[in-house]
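Since chain A is already given, all that's left is putting chain B on it; use the hints.
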Amino acid sequence: MSETQNLTVVQAVRDGLYAEMREDDDVLVLGQDVGKNGGVFRATEGLFDEFGGDRVVDTPLAESGIVGAAVGMAAMGLRPVPEIQFSGFMYPGFDQIVSHMARFRTRSRGRFTLPMTLRAPYGGGIRAPEHHSESKEAFYAHEAGLKVVIPSTPYDAKGLLAASIRDPDPVIFLEPKLIYRAFRDEVPEEPYTVPIGEAATRREGGDVAVFTYGAMTRPTLEAAESLAEEGIDCEVVDLRTVSPLDREAVVEAFEATGRAVVVHEAPKTGGLAAEITAIIQEEALLYQEAPVKRVTGFDVPYPLYALEDYYLPTATRIEEGIKEAVEF
Amino acid sequence: MYEEVGPTVSVFDRAYDDPVRVLDEDGEVVGDVPDLDDEALVEMYRHMRLARHFDGRAVSLQRQGRMGTYPPLSGQEGAQIGSATALAEDDWLVPSYREHGAALVRGLPLKQTLLYWMGHEAGNATPEDVNVFPVAVPIASQIPHATGAAWASKLRDENDAFLCYFGDGATSEGDFHEGVNFAGVFDTPTVFFCNNNQWAISVPRERQTRSATLAQKAEAYGIDGVQVDGMDPLAVYRVTTAALEKARDPETDRPRPTLIEAVQYRFGAHTTADDPTVYRDEDEVERWKAKDPIPRLEAYLRSEGVLNDERVAEIEAAVETRVADAIEAAEAEARPKPREMFEHAYAELPQELERQYEEFAAFREAHGDEAFLEE
Numbered sequence: 000m001s002e003t004q005n006l007t008v009v010q011a012v013r014d015g016l017y018a019e020m021r022e023d024d025d026v027l028v029l030g031q032d033v034g035k036n037g038g039v040f041r042a043t044e045g046l047f048d049e050f051g052g053d054r055v056v057d058t059p060l061a062e063s064g065i066v067g068a069a070v071g072m073a074a075m076g077l078r079p080v081p082e083i084q085f086s087g088f089m090y091p092g093f094d095q096i097v098s099h100m101a102r103f104r105t106r107s108r109g110r111f112t113l114p115m116t117l118r119a120p121y122g123g124g125i126r127a128p129e130h131h132s133e134s135k136e137a138f139y140a141h142e143a144g145l146k147v148v149i150p151s152t153p154y155d156a157k158g159l160l161a162a163s164i165r166d167p168d169p170v171i172f173l174e175p176k177l178i179y180r181a182f183r184d185e186v187p188e189e190p191y192t193v194p195i196g197e198a199a200t201r202r203e204g205g206d207v208a209v210f211t212y213g214a215m216t217r218p219t220l221e222a223a224e225s226l227a228e229e230g231i232d233c234e235v236v237d238l239r240t241v242s243p244l245d246r247e248a249v250v251e252a253f254e255a256t257g258r259a260v261v262v263h264e265a266p267k268t269g270g271l272a273a274e275i276t277a278i279i280q281e282e283a284l285l286y287q288e289a290p291v292k293r294v295t296g297f298d299v300p301y302p303l304y305a306l307e308d309y310y311l312p313t314a315t316r317i318e319e320g321i322k323e324a325v326e327f
Numbered sequence: 000m001y002e003e004v005g006p007t008v009s010v011f012d013r014a015y016d017d018p019v020r021v022l023d024e025d026g027e028v029v030g031d032v033p034d035l036d037d038e039a040l041v042e043m044y045r046h047m048r049l050a051r052h053f054d055g056r057a058v059s060l061q062r063q064g065r066m067g068t069y070p071p072l073s074g075q076e077g078a079q080i081g082s083a084t085a086l087a088e089d090d091w092l093v094p095s096y097r098e099h100g101a102a103l104v105r106g107l108p109l110k111q112t113l114l115y116w117m118g119h120e121a122g123n124a125t126p127e128d129v130n131v132f133p134v135a136v137p138i139a140s141q142i143p144h145a146t147g148a149a150w151a152s153k154l155r156d157e158n159d160a161f162l163c164y165f166g167d168g169a170t171s172e173g174d175f176h177e178g179v180n181f182a183g184v185f186d187t188p189t190v191f192f193c194n195n196n197q198w199a200i201s202v203p204r205e206r207q208t209r210s211a212t213l214a215q216k217a218e219a220y221g222i223d224g225v226q227v228d229g230m231d232p233l234a235v236y237r238v239t240t241a242a243l244e245k246a247r248d249p250e251t252d253r254p255r256p257t258l259i260e261a262v263q264y265r266f267g268a269h270t271t272a273d274d275p276t277v278y279r280d281e282d283e284v285e286r287w288k289a290k291d292p293i294p295r296l297e298a299y300l301r302s303e304g305v306l307n308d309e310r311v312a313e314i315e316a317a318v319e320t321r322v323a324d325a326i327e328a329a330e331a332e333a334r335p336k337p338r339e340m341f342e343h344a345y346a347e348l349p350q351e352l353e354r355q356y357e358e359f360a361a362f363r364e365a366h367g368d369e370a371f372l373e374e
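For the protein sequence lines, the chains are A and B, in the order given. Residue 147 in numbering that gives the first Met the number 0 sits at position 148 of the first sequence, with consecutive numbering throughout. Residue 297 in numbering that gives the first Met the number 0 sits at position 298 of the second sequence, with consecutive numbering throughout.
Keep in mind that the hints are not guaranteed to be accurate.
[Stated by the list, open to error] Far from chain B, some chain A residues (derived; all Cβ distances over 12 angstroms):
1) Phe50
2) Tyr191
3) Glu247
[Claimed, not checked] Quick partial rundown of chain A residues pointing at chain B, CB under 10 angstroms, derived from the structure:
4) Asp32
5) Met75
6) Glu129
7) Phe182
8) Thr268
9) Tyr286
10) Gln287
11) Ala314
Since the hints were derived computationally from the structure, they do not count as laboratory data. Built from N, CA and C at the ideal position, the CB exists for glycine as well.
The shape of chain A in the complex, shown without the other chains (with noise of 0.2 angstroms):
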């Protein structure tokens, strides 16, 4: 059994990429106040002066070219992870995301690959200004070519972190803020890889599954808890990644019950729970026993602070929906 550390989801992140850049030299880190400042959140402390101005690179303020540059060194073999400061602020990269960056291997037929990890961080509760809270996962979930990483728990960070950057296709790993340094966890000191692709069951029970990742996860093992006093057992599975889809876990743990819920801070509208309830139609229909249900953000821009009360799924929320779904 390798050393540990105790660590919270950021310094796990931080000590994922540092253990990637000490195993493998064509692995470097460009982004906006990476370098020196290491990081707005620290997610890159220490890195600079570890590994210096080559491979840990302050940028100019510039999105588009952040990840048009990695898509470029990517291409010529090199393992960038840009990152970009919050998810809000993607956008003037969206281009380079979908128009090169998910189609490098098909539009070559697989003579450019694109072995880079966009990382940034996302979601809300963090009393944040404007366009620093948004959950879009859906967006980048939704283009072909690109894996859609959220982990959830410090281990989870740094093992798909880790495998993220040793894929040898592009990543979209999102990292919820809320709970950069809400808790620790113990974390292996050597690196290691958790699988892209695959699902973790956090809590068993026979009675509901419930489907969550990122920040949620949290609020839904807490409605789970809590149910449990009334008598309702929640399975909780945590999907880690949200393209691809774990199929197999999702339809196992629905079959298991026949009732499900969905729970993700982003908008209802084509979310990613709407994709887990068109695979539960697809797949295992005859198992269904009452109406997948939703527990998500509203169909509204994200507000400013003094309502995300209000938007967020909280426990209580979260609790409701089961219990809509059970009682059925």
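Below, chain B alone, put in the same frame as chain A:
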């Protein structure tokens, strides 16, 4: 409102690295003083003091947990007040997110600025008679808007000018290139005002571009570019006035758009979430603090006999009262109603959204606010 400040050619026909100056660091006159009456000069001074005091209070409100993340402006009052003062009544201001001082010159109540940073959308609802666009947080994204808005004014023969603010970091964004290029091509009445405060969070100005100046970027777009001492409010006023006049006047043989690089420094952090001691030296900060725009203008106005101890004290007291009143009013504002999240998304609420609201309202009715405000 104000008289012209002489032939515009003198402001634009100069080397890009030769900033326009009017006052030196001690407030001594070193250039052409714009023709402003005493009252207007005192008003500029009052606005700068107001912006500085507001800024200090806002930072402290954030520290006390009474406001969210806030971007301070101290050090940048000369650029903001000097330029906004140059606007004519019908002109427009297109801000980024740090121009609280410029906005107050245009009549945006301080309470609104506070509300915005306290997380209320109402802070962005500028009053009908205040020609100020909403705050734009994504870097450089407001620049094409300023071009398009000015273009609309030109198409309607209104010929109002649009003053657009952004920082040194913004000049690296695609939106800067696209917005300024359009302005050149369509000859729109836009003044692009770059608050070059030397730092884009931790990234220094020289990391943004290999260009010796930002002003010279105008050359490639075929428009005028000029550098100004951004901590000299009178120089900023002079340059901005000339640029705005040229923007409004279709008879001029010069291109209407101008790129102004106002060289300045932010004394504080990028935002209250930032710690500048990690990336910049205290010596550098001290060097720039010697250029503080407020004592400079004050020294000049005292030497002209326009200000004395008594008037300064009077202004100080009035500024403190005004900010205190604004804070009180903002803090007295009730938490917005959740319905507001829904009702402004479309002119007419789509049926599905109405349904989502009803579900929300029924849940709130059954469980109370504690079901949302739980930790």
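Problem set entry | Claimed clearance of chain B by Phe50/A, with the beta carbon kept past 12 angstroms | Given a closest Cβ separation of 17 angstroms, the condition holds.
For this session: Identify whether the interface hint at Glu129/A stands, where standing means a beta carbon of chain B within less than 10 angstroms of its own.
Result: Cβ of Glu129/A sits 5 angstroms from chain B, so the hint holds.
Exercise. Hint check: is the beta carbon of Met75/A less than 10 angstroms from a beta carbon of chain B?
Worked result: violated (23 angstroms)
Problem set entry | chain B contact restraint for Asp32/A - C-beta distance below 10 angstroms | With a minimum Cβ separation of about 5 angstroms from chain B (threshold 10 angstroms), the hint on Asp32/A holds.
Exercise. Tyr191/A: least C-beta distance to chain B exceeds 12 angstroms?
Worked result: holds (31 angstroms)
For this session: Would you check whether Ala314/A satisfies its interface hint, that is, whether its CB is within less than 10 angstroms of any CB in chain B?
Result: holds (7 angstroms)
Exercise. Is the shortest C-beta separation between Gln287/A and chain B less than 10 angstroms?
Worked result: violated (22 angstroms)
Exercise. Per the CB criterion, is Phe182/A less than 10 angstroms away from chain B?
Worked result: violated (13 angstroms)
Exercise. Does Thr268/A pass the interface check with chain B, least Cβ-Cβ distance below 10 angstroms?
Worked result: holds (7 angstroms)
Problem set entry | chain B contact restraint for Tyr286/A - C-beta distance below 10 angstroms | violated (26 angstroms)
Exercise. Can we confirm that no CB of chain B comes within 12 angstroms of the CB of Glu247/A?
Worked result: holds (32 angstroms)
Hints 5, 7, 9, 10 from the earlier list are contradicted by this structure; the remaining hints agree with it.
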